[in-house]
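Novice: Chain by chain, the residues run as shown.
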Amino acid sequence: MIGKRKGSRLGVGESRAMMIGLGLGAWVIGILWIFPVGWTLLTSFKTEQDASAQTFHNGLTLSRYSDVSQSTTGTLSLSTAFTNSLVVVLVSTTIVMLLALPAAYALAIRPVHKWRDVLFFFISTKFLPIVASIFPIYVYAEKWNLIGTRTILIVLYIAINLPLAIWMTRSFFVEVPRELIEAAEIDGTSLFNQLRSVILPIAAPGIAATALLCVIFAWNEYFYAIQLNFAGASTMPQWVIGNVSTRGNFLAKLSAASIIACLPVVLAGWAAQKRMIRGLSMGAIK
Amino acid sequence: MSAADATLSAPVKGRVGDPFGSAWRRRAPLLPALVFTILITQLPFLVSIYYSFTNLKDKTQSLIPEPTKYVGIENYRAIFNDPFFRQAMYTSVKMTVSAVVLSLIFGTLFALLLDRKFFGQGIVRTLLITPFLLMPVVAALIWKQQMFSSLFGLLDKVLVFFGLNSVAFISDHPLASIVTVLVWQWTPFMMLIMLAGLQSQPSDILEAAGVDGATSFGIFRQLTLPHLRRYLELGALLGSIYIVQAFDAIDVMTGGGPGSTNIPYFVYEESIGGGFRYGSASAYAIVVVVFSIVIATFALRVLSGLLKDEDRA
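Protein sequence lines correspond, in order, to chains A and B. Residue 246 in the numbering used here is what sits at position 246 of the first sequence, and the numbering runs on without skipping anything. Residue 35 in the numbering used here is what sits at position 35 of the second sequence, and the numbering runs on without skipping anything.
Misleading hints may appear alongside valid ones.
Straight-line C-alpha distance at most 30 Å; calculated DSS-like pairs for lysine-lysine [as the list claims (entries may be wrong)]:
hint	chain 1	residue 1	chain 2	residue 2
1	A	K126	A	K274
2	B	K69	B	K57
3	B	K57	A	K126
4	A	K143	B	K69
5	B	K157	A	K143
6	A	K114	A	K126
7	B	K117	A	K274
8	A	K143	A	K126
9	A	K126	B	K94
Sample of chain B residues lacking proximity to chain A, with all beta carbon distances greater than 10 Å (derived) [unchecked claim]:
hint	residue
10	I73
11	F80
12	M89
13	K157
14	P226
15	D248
16	D251
17	G256
18	G257
19	S292
Okay, the calculated bits of chain A under chain B, using three or more residues with CB under 8 Å as the criterion [as the list claims (entries may be wrong)]:
hint	stretch
20	38–51
21	76–88
22	100–110
23	197–210
Simulated from the structure, these hints should not be mistaken for laboratory data. None of these values were measured; they are calculated from a predicted model. Yeah, the Cβ is synthetic: ideal placement off N, Cα and C, and Gly gets one too.
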């Protein structure tokens, strides 16, 4: 796993000077890659004049953050968008995990007949272009008065995250030692108790990483949000975009809004980076 | 859940080919997820197929579709006479292939750099993965406003500083601008996959090769690269799944301006994005699905290879 092994692979046969040079090279690339984000962070603390001129005459200030968090009438407020995002993301992720954990059990621990086909069915839904199913969803959401509600977003976010969650949790379940499960079975432990007391504690870090990825994808989702959700249930991406269209090109303000919108997920991603990729590789990486 | 409970209390045996009760006992935990997925992803798709044979549209744009008429394959015939659709198809291929290939190349190079001991390794990895965690909408905005903009963009300032002419990046090179943002976001993803691939190499073989006096380039070409093949395939596959659906960056940066409309954006414009011709838009979507199935068949072969490897392990 990443970070576990500290020694270098290609280090074999490399001189010390070359090692230092390549380390410096990595630093340069890392700084270059994050530069646009760093610059946006800096801009968010500037005055608007400094921001649009890309200069530093007036020092740094926190006022852009208080500007964006105050709502003007008729526009989407930060607190509304944040609450909507939070509810949609947490509810959809919880349901995804409630569906994915038993499913992964039936695909990994005590696999159903043709478990491979079932697994492929789930992932094949990710190949289906979203546009291919958006109109019926749209038409029926309209019919059932679901447009502009959190409910429709929750349902759709479950649908987009479930295949990934099942693949990921399955790959973590496969690694739970068979002996432990068999021992629990002999003891006559029910499925629920097996999950709770044997499997979950072992697979917990992987399951947390899976849930986190679902949170990231749901938090960042924009297409469904603007298509089905232009009324009161708007989420954070829409709030950021709202700062562009309704308030003109206020670069510093927009930067502050961008930082606020991305911060929760970026922090969570930083914390879980080592595990996340294991899950993303869908069991290919051990 | 009561059905599941009932089956759970059945005696435990647990082999494929067991009596009926046991088979359902195995299936029960799977069913909620399966039923949900079929309802939400397959059913709408079937309805889309039906729409594609009708003239369903929304003339009043009141968002309520009007009564429909069966039009046979007319919508499909129209597709192949539509130069804009062909253009969008071409753009989709160019956008996906260039973004996936470039981010794979950068991702592999960065992973090779990171897979060694140096001061601040973890910090550099954290810096590199950050763009992947950003909202795609925000990533596109950052590049549009801070980097590419001809009013306050940094790139423009740099060009002027060096006495060069300004370039209107987004309006003159819309596709390249969008691909830049996609590559910026997806390189970290590819890097993490390749990094995991590099670190799963058995170190004793590499050490043995080193002892035998192999050069680091020789080791890379003979041992590392073949080992990485699976990971490259996986990266290309997962990257394609997400990048082919790119919408946010296009919407934010060009609004589907010339040369930057991919298939998802095209179908969107044709329908809920303003055209409101659900019937013909569905036909476009179905054609896209057919192409996706071709790609997916190939992609599933890759995944299938991964599962077989797992069996052997």
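Novice: Next step is simple, just say for each hint if it's right about the structure.
Specialist: Taking the hints in turn, this is what the structure says about them:
A distance of roughly 24 Å separates the Cα atoms of A/K126 and A/K274; the hinted pair therefore holds under the 30 Å criterion. For the hint linking B/K69 to B/K57, the alpha-carbon distance of about 10 Å falls within 30 Å, and the restraint holds. Of the pairs offered as hints, the one joining B/K57 and A/K126 holds, with about 27 Å between alpha carbons and a cut-off of 30 Å not exceeded. This hinted pair checks out: A/K143 and B/K69 have alpha carbons roughly 19 Å apart, not beyond 30 Å.
For the proposed pair B/K157 and A/K143, the alpha carbon gap of about 51 Å is over 30 Å, so the pair is violated. Taken as a hint, the A/K114 and A/K126 pair is honoured in the structure, with Cα atoms around 20 Å apart against an allowance of 30 Å. As the CA atoms of B/K117 and A/K274 are separated by approximately 16 Å, the hinted pair is consistent with the 30 Å bound. For the hint linking A/K143 to A/K126, the alpha-carbon distance of about 26 Å falls within 30 Å, and the restraint holds.
Our distance criterion of 30 Å between C-alpha atoms is met by A/K126 and B/K94, whose separation comes to about 21 Å. At roughly 18 Å, the least C-beta separation between B/I73 and chain A is larger than 10 Å, which holds for a residue marked as non-interface. With a cut of 10 Å on Cβ distances, B/F80 stays outside the contact zone with chain A, its closest approach being about 18 Å. Separation of B/M89 from chain A is adequate, the least Cβ-Cβ distance of about 12 Å exceeding the 10 Å criterion.
The Cβ of B/K157 does not lie farther than 10 Å from every Cβ of chain A; its closest approach is about 6 Å, which violates its non-interface assignment. Distance check on B/P226: its Cβ is at least 14 Å (rounded) from any Cβ of chain A, clearing the 10 Å threshold; non-interface status holds. Its closest Cβ contact with chain A, about 5 Å, brings B/D248 to no more than 10 Å, contrary to its assignment away from the interface. Against the 10 Å criterion, B/D251 falls within the reach of chain A, whose nearest CB is about 8 Å from its own CB.
Annotated as non-interface, B/G256 keeps its C-beta farther than 10 Å from every C-beta of chain A; the closest such distance is 13 Å. Taking the minimum C-beta to C-beta distance to chain A, about 16 Å, the non-interface status of B/G257 holds against the 10 Å cut. Distance to chain A contradicts B/S292 as a non-interface residue, since its nearest Cβ pair spans about 5 Å, not more than 10 Å. Here the stretch 38–51 of chain A counts 4 residues with a CB under 8 Å from a CB of chain B, which clears the bar of 3, and the coverage holds.
For a cut-off of 8 Å, the count of residues in the stretch 76–88 of chain A with a CB near a CB of chain B stands at 0, and the three-residue condition is violated. Coverage of the stretch 100–110 of chain A by chain B holds in this model, with 7 residues showing a Cβ closer than 8 Å to a Cβ of that chain against a need of three. Here the stretch 197–210 of chain A counts 0 residues with a CB under 8 Å from a CB of chain B, which misses the bar of 3, and the coverage is violated.
Hint check: violations occur at hints 5, 13, 15, 16, 19, 21, 23; the rest are consistent with the structure.
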